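> The primary structure of each chain is shown beneath.
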Amino acid sequence: MSDFFELKNIEKYFGDHHVVKDVSFQVKRGEVFSLLGPSGCGKTTILRIAGGFEDPNGGKIFLDGVDITDKSPNKRKINTVFQNYALFPHMTVEDNIAFGPRTAGLEESQVQKKVAEMLKIIRLENLGDRRPDTISGGQKQRVAIARALINNPKLLLLDEPLAALDLKLRQYMLLELDRIHDEVGTTFIYVTHDQGEAMSLSDRIAVMNNGRIEQIGTPAEIYENPHTKFVASFIGDTNFFDGRITEKIDGEYCKVDMFGLGEFPAYNEHKLPAGADITISIRPEKFRVFDKKPENENLNMFEAQIIDIVYQGAQTRYWVKAKEHRINLVTQHNRCYLDYKQPTWNDKIWVAWHRDDVMTLPNANPH
Amino acid sequence: MTFAVMIFMYLPIAVLIAQSFNSSRYGGRWKGFSLKWYEALFRDSSVINATLNTLVVALVATLVSTVIGTSAAWALNRYKSRLQTSHYGLVYAPLVVPDVLMGISMLLMFVSFKVELGLTTVILAHITFCLSFVAFTVLARLQDFDFTILQAAQDLGAGPWRILWKILLPLLGPGIAAGAMMAFTLSMDDFVVTFFVGGPGSTTLPVKVYSMMKHGPPAIINALSVVFMAFTFTVAILGQIFTRKKF
Amino acid sequence: MNTMNHKSDKKLPELLSTAPSYLWLFVFFLLPSLLVFAIAFKSADSSGGISDSWTLSTISNVLRQDYIIVLWRTIWVSVVVTALCLLLSIPVAYWIAQQPKKYRYWYLLLIIIPLWTNFLIRIFAWRTLLHPEGFLRTALLWLGVIPDDMFLLNNMGAVITVTVYTCLPFAILPIFAAAEKFNFALLEAARDLGASRFKAFYAIFLPGIKRGILTAILVVFIPAMGSYAIPDLVGGVDGELLGNKIALRASANRNLPEAAALAAMLSIIITVPVLAFMLKHKRLLRNIISIRRSAGDSTK
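Quick note, the sequences are listed as chains A, B and C, same order. Reminder that position 334 of the first sequence reads as 334 in this note's numbering, one-by-one numbering, no gaps. Reminder that position 213 of the second sequence reads as 580 in this note's numbering, one-by-one numbering, no gaps. Reminder that position 204 of the third sequence reads as 818 in this note's numbering, one-by-one numbering, no gaps.
Among the hints, a few may not be true.
Said to hold, decoys possible - So the derived list for chain B, only partly shown, Cβ under 10 Å to chain C, looks like this: (1) Val372; (2) Phe375; (3) Ile380; (4) Ala407; (5) Leu408; (6) Ile435; (7) Leu450; (8) Val478; (9) Ile494; (10) Thr495; (11) Ala502; (12) Leu536; (13) Pro537; (14) Met555; (15) Tyr577.
What the hints contain is simulated information worked out from the structure, not anything from laboratory work. Predicted model only: the values in this text are computed from it and were never measured. Just so it is clear, CB atoms sit at the ideal spot from N, CA and C, and this is done for glycine as well.
Model the full assembly from the supplied sequences, consistent with the hints where possible.
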């Protein structure tokens, strides 16, 4: 694996609107790289810049070490799967897929062979002569992918490819995309606003907000170790608390004052100094619930009262109140003690967590 | 109620068609089936002449207004600017102006600039009122058109010519053809504007029908009407087929 | 990266595609429309042309008693025609909208087909029908519905009948388009809440298709105001409208400045209320276009 696609200091303005702000990243050969962020964060613009449909106002694009910044879309070895598929409505599925090779002037027998191969990969062998408006959304999606992949692009760009599909189909297509990627090994850049899609498909994710990349990392890194408040809140559920670092403990850890709840030790990822105002983030599943105060000095804990319970089958979600805080926590039902009394409304419980499961985030953005 | 309205709509036309085969000279009572009015019609050289004029005007007006109207529709659809707001108003306005006003204003302009009235002025006027209809017909098609497929084609390596031939023409062709059909029918049908801006030698079929209605033998007009009707019907049906056809 | 350069790059195709229609309509539509107002301040010369000097006499000429009578007649005929068209088209549109979807298109086609006949021929068909020796008068005389001395042609009644005939499809189409989108369950809800059939129709259905009715009013009223061929062919002497006066002044009894002044009068009368109306209901613009397009004709 080597870096073979690179965006360097890309800037883009639409009029006075600064939509892409100094974005740089490298993609490794064969990887699935996701751009994840809320709508309007600039992720689609970056994809369009990579595809050649928008010119950046600054910065460079490299593919395999070659500067392609000024090349038009039909001259790049990059293909795009468009958000609404953009299939040619007047052509059959086969003709859609064959468009690229025919445009390149490939011999017709070769074209036929390659189209048959692609149809096989997307498992639509018997729909070749159908028109796009007579096939389903998921099938259209696969045709769009085949139409792009048949050109053996060095890089495949996918713009919210599953956004138009319903939930069931989305889950199925996610598996299909994964399978197709394994089969062809092409490098994918995948744009989505859906964290679930990004987490399950990507090798690495770039989380974007407001035209900037907030963090790049593997799904686990992004989830377990977000660098900013935005990343912590955008990916997964979390509880935020205002706090202040009161003292540092042996470099790795610090003591934080969670106003009103007490002072607790916590992992100090960003090496923040004593006295810094911070945001503390603790994910709901990191909490454990006890009916009485647990005898374990490695745990942080406070007392709380249950105000709402949502039973969700595999897990139960609680809303609890501690001082002026409302906290959301989740317990897994991985054991079934029928005689165990589940906590119920208005019960006093103890909420505990481990110091390594606390994320201490700087209040000011690093930008 | 609907039934009564339908009778109201079709009765006059039915009576007209029947009368054209009536051998009685002034209509009214039925005096037996006859094709003599059709014979008389086809012997009348001024009718043939008017037909030729109508076709020349309609063809030229259709050609020019289709090109300009399509270009206008493209601009109106693709660009959102101040210019397009006024452009829209300019293309729209002829649709809500009565023909009498359009005819008299163009006549006044031609007279003021000492342009001789004739086939040329008729054609210029026809292009003007056909243009807006073509533009809006094509515009409706463009609004359903997904422009990302142009990017998709470009992404797949197609250059401008290949995009034009393989994507744009096959997809927008029917819409443009529908606009052209519309222009052709409108031009062929127009009486009022032609009446105002026409001169000697520019008599079109509707103008001919008008003068025959004022002065000529009524029975021949019946026959002429039926022939004319058959022709416009063919064009209109073709137009309908083109507009209905969807990919 | 030069953003200015970029912008002018994008401006060029827009200008190229806008210029032909823009310039054409500017020269052949906007300019003549304004010229009408200028020429209204000229007088006629002896050879039927336009004199060079400016005058107010043409304007004061067209404000004469007999023109005002014609103007007034044109307005009330247009109002009556518009009202009759609404009266006929609302029930028809209501009925078609309630038919099964697959038949609706065919009913609509039946409404549109008469429009495929040339406008003059439709008028002529009515002349044949209303002729003193014609089918309708003979039939009505035989039935004893009309007195012997009543004629159907060459009067105001004929003008109104034929204008309604030519305009009716244009009224039905927009009202149908609105009625098709109307949720008919609302009528049942109204009945359920105690409204009579008439009350439900009047208080729920009519407001529900308001936009269609407004569009219909516009597409009938404007051409009716500018009507020329119909009064000329079936109206007789008492049926003359403003359009006839304009045509007369432009051809047989030539006085172009006076024609211009009359045309200016007509366009002010049409434009001012229409403009006010349209600014209030901007979406109507699009309705009118699609109606006239789907009908495949213009009311001439």
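> Decide, hint by hint, whether the structure agrees.
Here is what the structure says about each hint:
no.	hint	verdict
1	Val372	5 Å, holds
2	Phe375	7 Å, holds
3	Ile380	6 Å, holds
4	Ala407	17 Å, violated
5	Leu408	14 Å, violated
6	Ile435	4 Å, holds
7	Leu450	6 Å, holds
8	Val478	6 Å, holds
9	Ile494	7 Å, holds
10	Thr495	4 Å, holds
11	Ala502	7 Å, holds
12	Leu536	17 Å, violated
13	Pro537	20 Å, violated
14	Met555	8 Å, holds
15	Tyr577	6 Å, holds
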